[in-house]
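With the hints as extra help, turn the sequences into a complete structure.
The listed protein sequences correspond, in order, to chains A and B. Start counting at 1 in the first sequence, then tack on 135, and there's your number in my numbering. Start counting at 1 in the second sequence, then tack on 135, and there's your number in my numbering.
Careful: at least some of the hints might be erroneous.
Where chains are identical, the list cannot tell them apart; a pair therefore holds if satisfied intra-copy or between any two copies.
Claimed, not checked - Below, a list of computed lysine to any residue pairs in the SDA-like style, where the Cα atoms sit at most 20 Å apart:
1) Lys550 to Arg452
2) Lys253 to Ser495
3) Lys486 to Gly424
4) Lys561 to Gly419
5) Lys550 to Phe283
6) Lys183 to Ala316
7) Lys170 to Glu548
8) Lys183 to Gly424
9) Lys215 to Asp317
10) Lys183 to Cys422
11) Lys561 to Cys422
12) Lys561 to Pro315
13) Lys423 to Glu459
14) Lys486 to Leu263
15) Lys423 to Val555
16) Lys170 to Thr444
None of these hints come from the bench; they were simulated from the model.
Protein chains: 2
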Amino acid sequence: MRNLVVAQSGGPTPVINNTLRGIVESARRFRAIGKVYGARHGIEGVLKEELLDLTAQPQEEIALLRYTPAAGSIGTCRYKLRPNQTEDYERVIEVFRAHQVGYFLYIGGNDSMDTAEKIALLAQERGLELVVVGAPKTIDNDVGDAEFRLIDHTPGYGSVARYWMHKVQEANEENAGSAPADPVLVMQAMGRRIGFIPAAARLADPQREMPLLIRLAESPCPLAQLADAVNDCLRRAGRCLLVISEGFDVGESGVLKDAFGHAAYGSAKYSVAQVVVNYLNQVGLPCKGAARWNVPGTDQRHSIFYASTVDLDEAYRVGEKAVELAAAGQGGFMATILRNPSTIYTVHYDKAPLRAVANSERTFPAHWITLDGNDVTDDFVRYARPLVGDDLPHVPLCDGRLRFARLQPLYVERKLPAYVPQADRK
Amino acid sequence: MRNLVVAQSGGPTPVINNTLRGIVESARRFRAIGKVYGARHGIEGVLKEELLDLTAQPQEEIALLRYTPAAGSIGTCRYKLRPNQTEDYERVIEVFRAHQVGYFLYIGGNDSMDTAEKIALLAQERGLELVVVGAPKTIDNDVGDAEFRLIDHTPGYGSVARYWMHKVQEANEENAGSAPADPVLVMQAMGRRIGFIPAAARLADPQREMPLLIRLAESPCPLAQLADAVNDCLRRAGRCLLVISEGFDVGESGVLKDAFGHAAYGSAKYSVAQVVVNYLNQVGLPCKGAARWNVPGTDQRHSIFYASTVDLDEAYRVGEKAVELAAAGQGGFMATILRNPSTIYTVHYDKAPLRAVANSERTFPAHWITLDGNDVTDDFVRYARPLVGDDLPHVPLCDGRLRFARLQPLYVERKLPAYVPQADRK
Chain A
136 MRNLVVAQSG GPTPVINNTL RGIVESARRF RAIGKVYGAR HGIEGVLKEE
186 LLDLTAQPQE EIALLRYTPA AGSIGTCRYK LRPNQTEDYE RVIEVFRAHQ
236 VGYFLYIGGN DSMDTAEKIA LLAQERGLEL VVVGAPKTID NDVGDAEFRL
286 IDHTPGYGSV ARYWMHKVQE ANEENAGSAP ADPVLVMQAM GRRIGFIPAA
336 ARLADPQREM PLLIRLAESP CPLAQLADAV NDCLRRAGRC LLVISEGFDV
386 GESGVLKDAF GHAAYGSAKY SVAQVVVNYL NQVGLPCKGA ARWNVPGTDQ
436 RHSIFYASTV DLDEAYRVGE KAVELAAAGQ GGFMATILRN PSTIYTVHYD
486 KAPLRAVANS ERTFPAHWIT LDGNDVTDDF VRYARPLVGD DLPHVPLCDG
536 RLRFARLQPL YVERKLPAYV PQADRK
Chain B
136 MRNLVVAQSG GPTPVINNTL RGIVESARRF RAIGKVYGAR HGIEGVLKEE
186 LLDLTAQPQE EIALLRYTPA AGSIGTCRYK LRPNQTEDYE RVIEVFRAHQ
236 VGYFLYIGGN DSMDTAEKIA LLAQERGLEL VVVGAPKTID NDVGDAEFRL
286 IDHTPGYGSV ARYWMHKVQE ANEENAGSAP ADPVLVMQAM GRRIGFIPAA
336 ARLADPQREM PLLIRLAESP CPLAQLADAV NDCLRRAGRC LLVISEGFDV
386 GESGVLKDAF GHAAYGSAKY SVAQVVVNYL NQVGLPCKGA ARWNVPGTDQ
436 RHSIFYASTV DLDEAYRVGE KAVELAAAGQ GGFMATILRN PSTIYTVHYD
486 KAPLRAVANS ERTFPAHWIT LDGNDVTDDF VRYARPLVGD DLPHVPLCDG
536 RLRFARLQPL YVERKLPAYV PQADRK
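See below:
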């Protein structure tokens, strides 16, 4: 019987804790698996030997992970194990050996699967019996291949898709009501390079009744062209909703400069939405009123009220599948979700080699963007619609506040000397 | 039997349609009241004779107004009837006379109550029998007097308060999980001058366990002092949540310049959150990682999932009370909500003279701000906590989408020549 370490990497999602819950709850079913330890703040927690005993937690708190968004429970990290950080890799093996760890489950995206594979190879070299399995997670839906063969979608995406579906419906009520004064509302969506997130705005209006424009990072255009599209919309409908990717290239055509005199467009110092709105207000709108903008930022990846029930369930099942693979000794794989060929949405859970995932790159299919670049197609809607689910999560409250899981600080006793991760050394 | 016109003014709230619903549904009970007409886009709809027949709408759609946020149904406006726009005032009387209107209900804030009173006086002068009643509405909670005697709170505020309570709880999960990479999260709240909205963030953490700072427009300080407070928080907790009013004065101490070389701080071209975050990232945080920001913007006033059940009900009852006042011939008043003196939260509905409301100005009590200006007090928490309610609204979906009320375009036939509102003339 050997212990299991689970770690999370990268940005959180509203459902990431469900994969964690799926792992903790299903690990109980396997005699080969001992305790489940959560590495605090991802791989950094392994390096620092900060391992939270998840098996010893109250079962009620583990169950409450269902409705606890983001990664506050065991934390996530952006710490990268780079190939030349060999000491870090050796330390991981050392920590696993010290704590009788035989299973390592890594929840993350493409990069994380690459790291997971490297750890698996080194364990083999060092004679440590270690089964390494990945579990996918990202709101961006950019894990896997462009043809959706390795994986249909990633846990996390369905919830952010529901977020944009419902947010745009709500914003349409605002915009319709306030149009004479504020005819243009620009909303900035996450996803620097890949357009799955802003594309989901179309789910708000599959019949195309709203004055809604959607511009992905994949369909850049000059600001003047974007302003023309907005103005066309205003002339036609008297108002306009624009959902735009944070990675939309606003070029250098503008006039804003930062303190160093550099054109500030597209730099992190100004949001894309702000630049677009400033441009619209400068060039002048054809009607009274001004453009305004919303940038929800991290809110779209940690709003539990917008979690998709389908996504909540699938995230759990992916964790369960990863444990099943681990218990069966099937290391070197990532658990996957594949859609069954049918008009009714059903999925099955499968596996893909870590190497294949690490080397893959999902892009937003070019044929899902309309020719004018201002919208996405019905094919995208058919793909994304089932992922948002048909009903609402039953979020528990306590004294009016959200009742999130509160894990107890049951840290495993350290067995090794303290260690400073390589990238943290001065 | 005379008809009733209802109009809305100013920014929307998640519950404004409930006041409308309360008016439409309770007007049916009074024989003296004929049809209920909704003026499209507020007083502008009266001037343009755009009156939507609300009595003839399907009752199901009127019922669905409960879960339809913002003002998309009959619209709101920012059109102001200024004292010198005498033609506009005369036109209002003319339209009311032409459509046998005997009741005018105006949903809005202080300014709207002033307009309502002027219309009432002119009607009297012109010999038109018209009962004018106001219904309060604003997320800012700035209607009424500073001592809470005229009105305890305004419909709309409880929902935006719940929004910030739950958003900050969610953001705390994000921040706790992502802290090593993104230790500071700045969130910008609405309310340019009055701090009730950002103050509600404290409801997320009445025990003060989170590393949460709250800065209202009422407690301005230099950016350097704000950065010190954030850095103290980082040294103590390793992370920091800052909720800041959009009206917080960021001064001119920064380095950002707009295209004209003017210091851009505090101008509408940059958000306060962006300026603060740029400053924090420039002066350097004491730990790794960067500050980031969320500006939900209009989202906070049209998110139906965050509507307070208490607020939903009270907004309805305020509309009902306004109709009761109107039917009783009690013109010149605004319907109000007053809290009963008890430890258990209960309210009663009353009235205040339009003149008293128009002349009043509610401010955020100075003694509810802590001495260091970084927080609000427990007295504020005791005031605001009951307003957010204890449970969640049952928001209806249809095919996964929000099922909002869809009013039919049943416009009353025009009886007068077309009219261009004075402020719209070239």
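We went through each hint and held it up to the structure:
Proximity of Lys550 to Arg452 under the C-alpha cut-off of 20 Å is found in neither arrangement, the shortest distances being 33 Å within a copy and 64 Å between copies. For the identical chains of this complex, Lys253 and Ser495 are intra-copy neighbours only, at 16 Å inside a copy versus 69 Å across copies, given an alpha-carbon limit of 20 Å. Neither within a single protomer nor between protomers do Lys486 and Gly424 lie at most 20 Å apart by alpha-carbon distance, with minima of 53 Å and 35 Å respectively. Taking CA atoms no more than 20 Å apart as the test, Lys561 paired with Gly419 passes between copies only; the shortest distance there is 17 Å, against 51 Å inside one copy.
With identical chains, the CA atoms of Lys550 and Phe283 are never at most 20 Å apart, being 43 Å at best within one copy and 61 Å at best between copies. When the C-alpha separation of Lys183 and Ala316 is checked against a cutoff of 20 Å, the pair qualifies only between copies, where the shortest distance is 16 Å, while the shortest distance within a copy is 55 Å. Taking CA atoms no more than 20 Å apart as the test, Lys170 paired with Glu548 passes inside one copy only; the shortest distance there is 13 Å, against 74 Å between copies. Taking the closest pair of Cα atoms, Lys183 and Gly424 come within 20 Å of each other only across two copies (19 Å); inside a single copy the shortest separation is 55 Å, beyond that limit.
Taking the shortest Cα distances, Lys215 and Asp317 sit within 20 Å of each other only across copies (15 Å), while inside one copy they are farther apart (44 Å). In the homo-oligomer, the alpha carbons of Lys183 and Cys422 lie at most 20 Å apart only across protomers (18 Å), although the nearest pairing inside one protomer, at 59 Å, exceeds that limit. Taking CA atoms no more than 20 Å apart as the test, Lys561 paired with Cys422 passes between copies only; the shortest distance there is 13 Å, against 57 Å inside one copy. In this assembly of identical chains, the alpha carbons of Lys561 and Pro315 lie at most 20 Å apart only when taken from different copies (16 Å versus 57 Å within one copy).
Taking the shortest Cα distances, Lys423 and Glu459 never come within 20 Å of each other, neither inside one copy (61 Å) nor across copies (37 Å). In this assembly of identical chains, Lys486 and Leu263 lie within 20 Å of each other by CA distance neither inside one copy nor across copies; the values are 23 Å within and 77 Å between. Proximity of Lys423 to Val555 under the C-alpha cut-off of 20 Å is restricted to the inter-copy arrangement: shortest distance 14 Å between copies versus 59 Å within a copy. In the homo-oligomer, the alpha carbons of Lys170 and Thr444 never lie at most 20 Å apart, since the shortest distance is 29 Å inside one protomer and 43 Å across protomers.
The structure is inconsistent with the numbered hints 1, 3, 5, 13, 14, 16, although it conforms to all the rest.
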